[in-house]
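Asker: Fit chain B to the given chain A structure using the hints.
2 protein chains.
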Amino acid sequence: MTTYQKNFTTDEYRRRIAKTRAAMSKRGLDAIFVTDPSNMSWLTGYDGWSFYVFQGVVLTHDGDPIWWGRAMDALGARRTVFMDSDDQIRGYDDTFVQNPDKHPMADLGALLAEAGLEAARIGVELDNYYYSAKAHAELSAALPKATLDDATGLVNWQRAVKSEREIEYMRRAARITEAMHDRIFEIAEPGLRKNELIAEIYATGIRGRDGYWGDYPAIVPMAPSGMDATAPHLTWDDRPMQTGEATFFEIAGAHRRYQCPQSRTLFLGKVPQKYRDAEAAVLDAIDAGLEQAKPGKQAQDIANAFNATLNKAGFEKDSRCGYAIGISYPPDWGERTISFRRGDTTVLEAGMTFHFMPALWLDDGGLEITEPILITETGHECLCKTPRDLWVKA
Amino acid sequence: MTTYQKNFTTDEYRRRIAKTRAAMSKRGLDAIFVTDPSNMSWLTGYDGWSFYVFQGVVLTHDGDPIWWGRAMDALGARRTVFMDSDDQIRGYDDTFVQNPDKHPMADLGALLAEAGLEAARIGVELDNYYYSAKAHAELSAALPKATLDDATGLVNWQRAVKSEREIEYMRRAARITEAMHDRIFEIAEPGLRKNELIAEIYATGIRGRDGYWGDYPAIVPMAPSGMDATAPHLTWDDRPMQTGEATFFEIAGAHRRYQCPQSRTLFLGKVPQKYRDAEAAVLDAIDAGLEQAKPGKQAQDIANAFNATLNKAGFEKDSRCGYAIGISYPPDWGERTISFRRGDTTVLEAGMTFHFMPALWLDDGGLEITEPILITETGHECLCKTPRDLWVKA
Numbered sequence: 005m006t007t008y009q010k011n012f013t014t015d016e017y018r019r020r021i022a023k024t025r026a027a028m029s030k031r032g033l034d035a036i037f038v039t040d041p042s043n044m045s046w047l048t049g050y051d052g053w054s055f056y057v058f059q060g061v062v063l064t065h066d067g068d069p070i071w072w073g074r075a076m077d078a079l080g081a082r083r084t085v086f087m088d089s090d091d092q093i094r095g096y097d098d099t100f101v102q103n104p105d106k107h108p109m110a111d112l113g114a115l116l117a118e119a120g121l122e123a124a125r126i127g128v129e130l131d132n133y134y135y136s137a138k139a140h141a142e143l144s145a146a147l148p149k150a151t152l153d154d155a156t157g158l159v160n161w162q163r164a165v166k167s168e169r170e171i172e173y174m175r176r177a178a179r180i181t182e183a184m185h186d187r188i189f190e191i192a193e194p195g196l197r198k199n200e201l202i203a204e205i206y207a208t209g210i211r212g213r214d215g216y217w218g219d220y221p222a223i224v225p226m227a228p229s230g231m232d233a234t235a236p237h238l239t240w241d242d243r244p245m246q247t248g249e250a251t252f253f254e255i256a257g258a259h260r261r262y263q264c265p266q267s268r269t270l271f272l273g274k275v276p277q278k279y280r281d282a283e284a285a286v287l288d289a290i291d292a293g294l295e296q297a298k299p300g301k302q303a304q305d306i307a308n309a310f311n312a313t314l315n316k317a318g319f320e321k322d323s324r325c326g327y328a329i330g331i332s333y334p335p336d337w338g339e340r341t342i343s344f345r346r347g348d349t350t351v352l353e354a355g356m357t358f359h360f361m362p363a364l365w366l367d368d369g370g371l372e373i374t375e376p377i378l379i380t381e382t383g384h385e386c387l388c389k390t391p392r393d394l395w396v397k398a
Numbered sequence: 005m006t007t008y009q010k011n012f013t014t015d016e017y018r019r020r021i022a023k024t025r026a027a028m029s030k031r032g033l034d035a036i037f038v039t040d041p042s043n044m045s046w047l048t049g050y051d052g053w054s055f056y057v058f059q060g061v062v063l064t065h066d067g068d069p070i071w072w073g074r075a076m077d078a079l080g081a082r083r084t085v086f087m088d089s090d091d092q093i094r095g096y097d098d099t100f101v102q103n104p105d106k107h108p109m110a111d112l113g114a115l116l117a118e119a120g121l122e123a124a125r126i127g128v129e130l131d132n133y134y135y136s137a138k139a140h141a142e143l144s145a146a147l148p149k150a151t152l153d154d155a156t157g158l159v160n161w162q163r164a165v166k167s168e169r170e171i172e173y174m175r176r177a178a179r180i181t182e183a184m185h186d187r188i189f190e191i192a193e194p195g196l197r198k199n200e201l202i203a204e205i206y207a208t209g210i211r212g213r214d215g216y217w218g219d220y221p222a223i224v225p226m227a228p229s230g231m232d233a234t235a236p237h238l239t240w241d242d243r244p245m246q247t248g249e250a251t252f253f254e255i256a257g258a259h260r261r262y263q264c265p266q267s268r269t270l271f272l273g274k275v276p277q278k279y280r281d282a283e284a285a286v287l288d289a290i291d292a293g294l295e296q297a298k299p300g301k302q303a304q305d306i307a308n309a310f311n312a313t314l315n316k317a318g319f320e321k322d323s324r325c326g327y328a329i330g331i332s333y334p335p336d337w338g339e340r341t342i343s344f345r346r347g348d349t350t351v352l353e354a355g356m357t358f359h360f361m362p363a364l365w366l367d368d369g370g371l372e373i374t375e376p377i378l379i380t381e382t383g384h385e386c387l388c389k390t391p392r393d394l395w396v397k398a
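So the protein lines, in turn, are chains A and B. All residue numbers for the first sequence refer to our numbering, where the first residue is 5 and numbers rise by one. All residue numbers for the second sequence refer to our numbering, where the first residue is 5 and numbers rise by one.
FYI, nobody ran anything at the bench for these hints, they're computed from the structure. Hints are supplied without guarantee of correctness; some may be wrong.
Identical chains share a label here; the pair holds if one copy fits it or two copies do between them.
What the hints assert, rightly or not - The calculated lysine to aspartate or glutamate pairs, modelled on EDC-like cross-linking and capped at a C-alpha distance of 16 angstroms, are:
{"id": "1", "residue 1": "K321", "residue 2": "D98"}
{"id": "2", "residue 1": "K278", "residue 2": "D393"}
{"id": "3", "residue 1": "K301", "residue 2": "E353"}
{"id": "4", "residue 1": "K10", "residue 2": "E122"}
{"id": "5", "residue 1": "K301", "residue 2": "E122"}
For reference, chain A alone in the conformation it holds in the complex:
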């Protein structure tokens, strides 16, 4: 029988833990409790769609982390985490699940007390997914002598610079993204129902490419047309594609939970001059932004160069134009740390990966031409080789 393949070596997990502990020390934290599934996975390897119930990873300054969650999911933890001792995997009773009378945080409080953390300074992800306001209140009540500090983003920031193995997974995901875009260009045509198109996009992405299997993207594929494309996050229905409309495709290939998002826009029919103008402006602005994408520059340098070039051509974009990417789970494929926008002074380092996302939403449609990039020792690498222009099928 074949078994679940670990995504990283135990050594790599230990390096991540050491890095995280250094950040904990700087903040004076005795322990952290992380609920973000991406952080849980990055620290331990845990992989499962169980984040709809309360769960998390406890990390102190000694020994291996503890995976804590619903008892039935402890079995999935055993099959995916690097820790080989069952003591590091702790499950709570099913009666705690979605039961207003019993909160799982009472169980976690007892576990933390048992681990000697009754009066400790514990970092929690106050502003992250899957840690509710009630969970925080219950955990505070269960540990009245402890100090619960806001450690939102502490682990996310450790993830910014990727290892060789992580970059390899991002590159595999990039091959899958290319395959998805190839398939879109191949089949999109007037009359094709949007759900039929999305079905093909999903199937292509999950089949994968070059022997690399596709994992699920942290955001579903989006492909709005015409006026729907003036809004960025509408999902599909069964209306057919039409001549005279632009459709943007915001999709991501994924491999072993690493996400490589990239958008392209397809126009069916004769392209209005307005779209050609927007295309030219965006392509110039992308070039200007990418010139700044190298070690030593700041995140805002990319945004400022991009915006200055775009404004010169008479276009404006008031939202951020990029964010860090890597391992992720729904509902977001971003790392929620670095943003390409004015004021973000984070210094770029080799090994960081971003979605440079200079989408323009126009008054009657959208134009998204975006690039997932890796900062290299000397500059940057565009992870996908997808042709960078406004696609047209006449």
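Answerer: Only chain B this time, still in chain A's reference frame:
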């Protein structure tokens, strides 16, 4: 140009709002702020993958609800909500997005104060998705004279009894679920890589059936085999299906966000007696449970009948065996209200819909044979006609 089709009439949204206001009155609430995307959609029609940033719906006792979220998503709100006035759609500046220096709840606080709710009693979803501990602290700080009460589940409970139109959507989703299971049985065979199989499941589900298009399921399809199937929530990789292993398929067809989950188990090769015994026990126990599925019975009656029958056959299940279903967004397709388990005394009513989910996880695999059901005036209806047995391909 075709336009986004509203899923329900304005009258239906107004009925839902009236029902919700009655529940608010009972709890002495002047307003509620709901962040659960399912609750947002149920109250207003809002539909978009934007729940990775802060957003919500504000409902008072007067006038239409207010959709509040990221400015770029306000455009998607305009295209999907029933409210026709732009005053009811309020967007915040993009600099609030994932920025540790500026929290969107400051913007919401100002909006609520402007709406006369500065010193009001406001219900918030303290223990729901997408309302973080930090969001609650920031909103409390922005409205020091207001009382923020726990209204977790208040809207979810109003959703329990479905309208005719909702039931129609559930039935369409059920047709799609059947199509997905048909496809699984058709193509599953030793050597088929799991990601290839999942690609087909996804594509079949999104193409839909009988002219009903498939929406995205709130949980990805799961199809673990052998020892991986002892854990309930592991997702796929590229290992091939093998003779001598059971694989369970936990999937849902979805239509206009309504979810119809159903699981089946397929054994490749000669079925061990243990699986036959488990199958017989589960089928008997399902019959015993379904006998209790009628108006006037309690949720726990189904669980008790199911468990008693299962125990008699020498099997045990210590987790709940069902939950309410309907409209849903990731990460969960359940409504998080009623559970089939001992102690849940909710009285069943016609129009309620459930996933009767008597999964058994054995020491070397899993057996999931489950039924999505509708409580009718006289009993129940199994929404899917999928054959109810352990599937075998020799």
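Asker: Decide, hint by hint, whether the structure agrees.
Answerer: Consistency of the hints with the structure:
{"no.": "1", "hint": "K321 - D98", "result": "between (48 angstroms within a copy, 10 angstroms between copies)"}
{"no.": "2", "hint": "K278 - D393", "result": "within (15 angstroms within a copy, 59 angstroms between copies)"}
{"no.": "3", "hint": "K301 - E353", "result": "within (8 angstroms within a copy, 62 angstroms between copies)"}
{"no.": "4", "hint": "K10 - E122", "result": "neither (33 angstroms within a copy, 52 angstroms between copies)"}
{"no.": "5", "hint": "K301 - E122", "result": "neither (44 angstroms within a copy, 44 angstroms between copies)"}
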